[in-house]
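Chains as they are written, first to last, in the numbering used here: chain V, 1 to 360; chain U, 361 to 667.
Don't read these hints as lab results, they were simulated from the structure. As the structure is a prediction and not an experimental result, all values here were calculated from the model. Mixed in with the good hints, there may be bad ones.
What the hints assert, rightly or not - Okay, the calculated bits of chain V under chain U, using three or more residues with CB under 8 Å as the criterion:
| no. | region |
| --- | --- |
| 1 | 73 to 85 |
| 2 | 109 to 121 |
| 3 | 136 to 142 |
| 4 | 239 to 251 |
| 5 | 290 to 299 |
Glycine included, every Cβ here is placed at the ideal spot set by N, Cα and C.
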Amino acid sequence: MSGAIRDPRLRWAAVFAAAVVLIALPFAVDAVLGRAWVRIIDVALLFILLGLGLNIVVGYAGLLDLGYIAFFAVGAYSYALLASPQFGLHGSFVVVLPLAALVAAAFGVLLGAPTLKLRGDYLAIVTLGFGEIIRICLNNLNRPVNITNGPQGITLIDPLAIGDIALNKTYTIAGFTVAPVHSYYFVFLACAAASIFISLRLEDSRIGRAWIAIREDELAAGSMGINTRNVKLLAFAMGATFGGLAGGLFASFQGFVSPESFTLLDSIMVLCMVVLGGMGNVGGVVLGAALLTALPEALRYAGPLQKQWLGDVYIDPSDLRMLLFGLALVLMMLFRPAGLWPSTLRRREFAGGEDAHAAQ
Amino acid sequence: MDIFLQQLVNGLVLGSIYALVALGYTMVYGILGLINFAHGDICMIGALTALTVAQALAAMGLPPPLVLALAALAAVLVCVALGVSIERVAYRPLRRAPRLAPLITAIGVSVLLQYSAALVWGKQYLSMPEVVKPSAIVWGGVQLTDLQAFIFLLACALMGALLWFIQSSRMGRAMRATEQNPDVAGLMGVNVNHVIAFTFLLGSAVGAIAGMMVVLYYGVGHYFMGFMLGLKAFTAAVLGGIGNVAGAMLGGLLLGVVESLAAGYIGDLTGGVLGSNYRDVFAFLVLIGVLVFRPSGIMGQHTGDRA
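Could you put together the complete structure from these sequences and hints?
Here it is as structure tokens:
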């Protein structure tokens, strides 16, 4: 990616231009499309965080995880329990957010440890089961001792705040109205940027290469001296950390969490983002997350169009939205089987697909 | 003890339905290495088709066995058409693609099927007409309705027939050959495309019957019912060793029994702290436990390790 522009001055100019665009983006979107879309962008940034986390597990290390949303849930609930009236705890986010990420990482290891021997789809179903276990427990841990408040979820979660400056209030800075969605945008943007940076650096690091080696051939990687057990556990923990951080941010952003937000379908959505964007490629994952968050929202406009073009509402708009979404998933995969923006390695693999298949 | 036997019976009936659905997953997985996420929704379409046909025919006052047979026939025809065309459109072009690509199209197809069903049948619960009035057979303290017995026996008969078919028929041999190595099977004169299409046909037909059993058993159908059914069946297939037909049957029965026993006993064992709403947790814990000790499922063989 960074190799595209050689001249350092041009590169700095490009970085500066990108920064200006990203800073102006929420205000421009607010003015043109309305505040709902700023919120959608915020959610997209969270999904980028989630997608990059899952990309470590699935894209780099090749461990198919169908229960990834569990870590998001663990992070969200950790934050919610430590910063809400539920237990009367109101920890500062400086402490609670890293703690949420840490707890999620611990759960990552907890899931990883017993499943190290499993391969391929056996791992997929165990992770799926793990995700369901977490969700069902969150749903039912209101009896006999009320911990998670059951299906009602936890409300009145503290926003991100330093002293009196809380992100859930609207401020006016230099003539700009900075609503909560705007201020959270910048927090999420910073986190997403940091996670992109970390992912890119990891990819080229010793650990990243070890992950990719395991993905390609675990036995060979082991015989080259990679400690496959530790490296796989690290992939789980690292992926879960991203998920936990995203969960903590989500809880503070929404002010409300309930088990409803952490279903298997959400895990599958994140996986779709990673695979559809281009597994193992940071740019692809970012693209996939942005696209799949925006697509269902954009398809909301399909309902009115139906009336305009066909003269009547034949199909319930929300159903039509899901139908088109399903169709889009199928078509995108049929036309770009390796993802919209595949990593160079995958692209090479796919170009030689016939040979690769025969060799297996 | 009575509770134990009763839950065992209930579990076996439920498990036989899971096993039928699991067969669809495992056959497709064995040949294509694909988790056919849409399979549960195919069963749902079968269930709702059977339900609609049964409603219409029962209103005409046809005798119950005829109503059931015609409803089953309609469900099988619709599902077979669906299954084969889904394979043709969404999976066949991706046969040489990276492994996760067809998984995403399968998820897309699953969403499409669910919301198409919502369009056709609406989103409310639909009730199956009571074609057969269940009468209970009490047998040594265990209660078994004739509906349960019918479901269990039919499921066992279907599974037996399927095992025989795969072991003994010409097509079954071609299926096994394709499973071992599609390229070499092709060289031996097996038409691989036909075999794969036939696998989808067989899986969808059995799934349609399983779907009809679900609406018969619970009395209601819903456009989203395929999701949980598919999830359980997929779990069962993995539990037994995915790709292994006999394993899927065993896994289905085992999962059904574990779930029923858990529902019956969790409350008592934990002194009422955990209720029967934890029965899925229990089912998945058993799955994880089994896989930790037998990483390829109960009857499975070693599989590839690529995601």
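Outcome of the hint check:
Look at the region 73 to 85 of chain V against chain U: 0 of its residues bring a Cβ nearer than 8 Å to a Cβ of that chain, fewer than three, so the hint is violated. Counting residues of the region 109 to 121 of chain V whose CB lies closer than 8 Å to any CB of chain U gives 7, so the stated coverage by that chain holds, three being the minimum. Here's how the region 136 to 142 of chain V fares: 4 of its residues keep a CB closer than 8 Å to some CB of chain U, so the rule of at least three is met and the hint holds. Counting residues of the region 239 to 251 of chain V whose CB lies closer than 8 Å to any CB of chain U gives 0, which falls below the minimum of 3, so the coverage claim is violated.
Against chain U, the region 290 to 299 of chain V contributes 0 residues with a C-beta closer than 8 Å to a partner C-beta. That does not satisfy the three-residue criterion, and the hint is violated.
Taken one by one, the earlier hints fail for this structure at numbers 1, 4, 5, listed in ascending order.
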